[in-house]
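Novice: Sequence:
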Amino acid sequence: MASVLLEQQEKLRRHVDEWRFRSRAALSELSSGSGSPSPTPSAPSGPVRLRVAPADPAGAGATSLLLTDAAADDNVAVAKFVAVLSHCSVEISRLSDAASKGLYRQLLLFGHGAAGSGEALLEGEPQKMFAHSIPLLLELYEIINGLIMILGNLLQQLDVICSVRDKNVRPLNSFRSFDLRTAFLSLGEGLTVFLLLDEILRHNGNVRSYLSLFSRMMSKVKSEVNIFGMSVEDVDFLDQVVHNLQKIFDSDLFHRLLQADSPLCTSIDLVRSNKKLLDAFYSCFAENSSEIILRIGSSKELPSDRKTILHLVALLLFFISATDETPDKKSMKLLTEMFQMVPVVYIEGGKRIVLSDLMKCCCPPALSSLPPIKEACEAFEMMKNNYLAHLNEMQSRDIQAINDTLSCWSVSFQSVVHPPSRMLTEEWVRHLQKQILQGVVLADRINILVQSVLDLHMHLKVPLRREKAKTLCQMIVSLKSIGDLFNTRGSNIVRSLPHIINIIQSDIEQLIVPLKNKLQSEIAKADQVSKTGFLSLLRRGSAEMETKLIDSLSLVLISLQLLEGAGSSPRQLTLSITVDILHSLGHWDVELCKVRKLLSKFRVLSNFQSLVDERTRCSFLYWRKEMLSTWLSMVYGDACKLSWLQNIVAAFSDGTSLLELGNVGPVALQSYEEDIENALREEVVAPLCRDIKTDLRLHVHSTHLKGAVVVNPTKTGVRNLSWYLRMKPLRLPFKLVDVKLLVENHLNYAFYTYSVMPNYDNKIYAEMHELGQLKYGVELEDFHLTVDTLDQGFDLRKTIQHLDSFCEKYSYSIAKQMFIENDLDGQGRKNLRVLCVEHIASSTAICSLQQISAALDTISVFLDRMFLDLDALLQSDTELDLLKDLKQLENISARPAIHGEPKFAFGKHGLGDHTLEFLGQVQAVVARIGNALGLMRILAAGCTRYSNRISRYARKSNYDLSYSASCKKVGLVDDVAEVGKMLDTEARNREALDERIQTFVILVTHISQKLQSNELKAMKEFFQIVPPLIGSMLDHSLLHKDKLLRRGHEGKSAIHTYDSFLLGIAFVLKVLKQESSFDELNRFASTKTKFEGVPEEKDNKMDTSPGRAALTTLKLWRAAPSVKTEPHKNVDKEKRYQQEIELIECNLRLARTVLG
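In terms of our numbering, the sequence shown is residues 12 to 1167.
A few of these clues could be false.
As the list claims (entries may be wrong) - What follows is a list of derived Cβ distance ranges for each label pair:
1) Leu653 - Asn255: 55 to 63 angstroms
2) Leu224 - Ser301: 43 to 51 angstroms
3) Met241 - Lys371: 15 to 23 angstroms
4) Gln862 - Ala650: 48 to 56 angstroms
5) Glu153 - Leu224: 20 to 28 angstroms
6) Val236 - Glu693: 16 to 24 angstroms
7) Glu348 - Met241: 57 to 65 angstroms
As the list claims (entries may be wrong) - The list that follows gives simulated cross-link-like pairs (lysine to any residue, SDA-like), each with its CA atoms no further than 20 angstroms apart:
8) Lys608 - Ala297
9) Lys636 - Leu603
10) Lys311 - Asp686
11) Lys479 - Asp686
12) Lys491 - Thr416
13) Lys311 - Asn414
14) Lys1081 - Val1037
Note that these hints are calculated values from the structure, not bench results. By construction, the Cβ of each residue, glycine as well, lies at the ideal position given by its N, Cα and C atoms.
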């Protein structure tokens, strides 16, 4: 029966613990402000961010320049020229951004969901996945066709600009040189899209493979249209889409641009025959490459520099392939130098683009064998190793400088408070502008270092040292910290963004206005000269000069007009093109660098939110998942780095956004989420649980086993593990992980498991349980089994069946509320048994509340019987002789004296042996009554404690349904419904027990009513024999203490407490309503007065002040050392009597207080 009850208890405990864990996790999510939990585990729960960027009104494109002041009269040609080039550049930028945001990552992860699961694809799954991805591939088709058309247009425009066959075309007839940097870079940006798509499709072969399978399926569907239930029009349309996609993917996209049937064929023919265009390109390539080489790897590197390298490489490959000519030595030298400094470039999603692979794959075979290109490609493997060594050296050298810069920047950035609009100053705006630029550049530099080092160590299979890995972890944390700072300060920056843009626009305007004034003055002089008539004929080329001045002024006016807008990306591109044309006309030789530097700053600040989000999003860590466990273990080993945990988890959680964008499906997404959570549990939670248990075990064992556990903090170190439990719950994209809650759940399970171990271990783990709550502040469940004892042999049923034997063998302690065994009874044991409230609570959990209620009824019957036995004992002749002796002693000692003189002193002087034996019998009966009352009190306290434990799972009073009915209503399984029935049973038992457990006041009334039927005549003067009973107990107590002070006393002698006797005396007096009669005897006060007359010189070592409380005397007696026997022997006997009487009086008052 006991095993079945224990099994049910364990089953119930596990279900309740599981419910508790789930409810606390749900409450933690609600309190964190993350909103209601989503039914899907991968639902995004990140905060809503505000994203802003400068934008123009609808329809305000590059063609709107024709309507500006610069387009008046003969300046239409200039405005049209700028508008056409700007339109091409803006469209290329738009399509390139669309590919960057909607193609690269999706194609990179195409088919990843099925492949990542590690299982073979079912039949039809590739076709189904391809069908779901048709909208993505149609977008790819539209972007490619759009780029082909706009690139062909731009090539034709560049050919026309550089050929200049008509001398009257404005402003081409005024060009001094060809500086078309922005146009060439836009051309390279469009060509880069084709290169990157080729690299992605070459890396991920699922696209072409699934397309082939889908095409075969379409062939079968076309032959059996009626079977599949599709219309002929839908099948034809879908077949046409598949056919168009097959044409695109038949060969590399970049190679198709150069084929004879390419839409760019005509434009490429123009390029081959235009020497000036090639010269202009190589000039642009050399100039841009030289500038980037100077900035790469330094603090002046711009976030767009590495993408610009891709654009330049794409341009070079295009012109090499189009002309079938080898580049000049200068270009090859710059290319080799760029390869040495930046051999790899990373795009969205963490895809590595190897520049030498681009050269090998895209360069024509005839040119690949040429010495310059062949040598560059052959030396590339060495370049990658050198680049990795350079990165490691730079990281080791600059990490401290980066940390210092980051610290200074973060403190300064957080201290900036946005002032009211009336107090907004230019100085404050410039300061914020500088801080934004520093943050973006710092995030870009850290991102490049981390991504390159991690990827190249894996790519080149170079081991990563622990110190290097820790440094990379710190840089990842720094990246996420920068992102958090920008998100925190986002509202202030957004409010200041218009002012920041206005400041930059005004700075550029200040450089343009002097040129405007200069041109206007020169045009005015030219007009004055032209009015002289004859003198104007003497000036050669005066008409061409005037035209050039007018065109230049028109371009200046266009620039100023562009600076008056919102600063959108199309306006910036148009402004850059205008600046390039002005430089081509021979202006701004000195101020050009300043203008271009301001334009670069303009692009960064106007788009800073996207740049920061891109640089601080660590989605590339999805491809380096093995680093998560390494970094978590490093952080756990160093408590000072505890704050890194959230940032590390957030960095790896960025991979979920990559998977969601790639539409990989729920399987791969859930698998990655489980990998993050499992790594967190294995590397942080599990070691923390192990270390906390080890610390608690060492702490307890070092106390109990002196010298057995040696801990040297100077060697092992000291860690405050409570820091880990004070962390806020770690936020994952799909849930919150509360480390403290997980540790508490583990410790609860462990301590419950350990509570069934051997007796000594049970005591140890009980102390560990209590120490864990005090030291670490964890909320642990109480033990479900008996604790706080060295013997767990207590059986409530046997105790109630042998209640007489229990009352004889145990003594009750009122203050401790526990029973102590009187002696060892020759059983060979070394420890006395104890029974406390916790044993009753544990017994209630194991058995049932009905047994406790039945035990209370049995004790009530036992008390009735004890009262009858006491009445029968008091009806004997000995009791009559005792009363006569008391009267005689009272008459002898009586004398007319002052009021309040002592009438009787405690003791057994003058009483015979027969009387003393009678007093001992009465004392034994009264002590049994007290023990029975103590057992009843401890049973009530144990049941109350058990009820408090299970009250946390109790239903609220406003719920009408039972647990089992609620389980059935929500459709839970049978096992849970069975647990609900158990809870209903316990709830009913608890309600019944509340009615059965009675207080002592009710018990007194109940027994008094029962005893009214019996006259109990012999107990009418019971209060008269209470003083001799106390006196007999007093002599016995003093004799027992004298034996303990002797050297040769028996170690196994009985140990008695007299609380049960005093509790029985108080209860009998209360039941017989003789408390006031006993108080009128004034025995304690009279005895104290008698002893106060003893001369003080008899006791010069102890304070006998009548004002000292009895409890204080008791504490002094307990504090006295037991080894000093000689001083105690010299203490006067009357003084010792006085101390014992004060102790008895204190305990009797306590007993009467307990009875109420």
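Novice: Against which earlier hints does the structure fall short, listed by number upward?
Specialist: 3, 6, 9, 10 and 11
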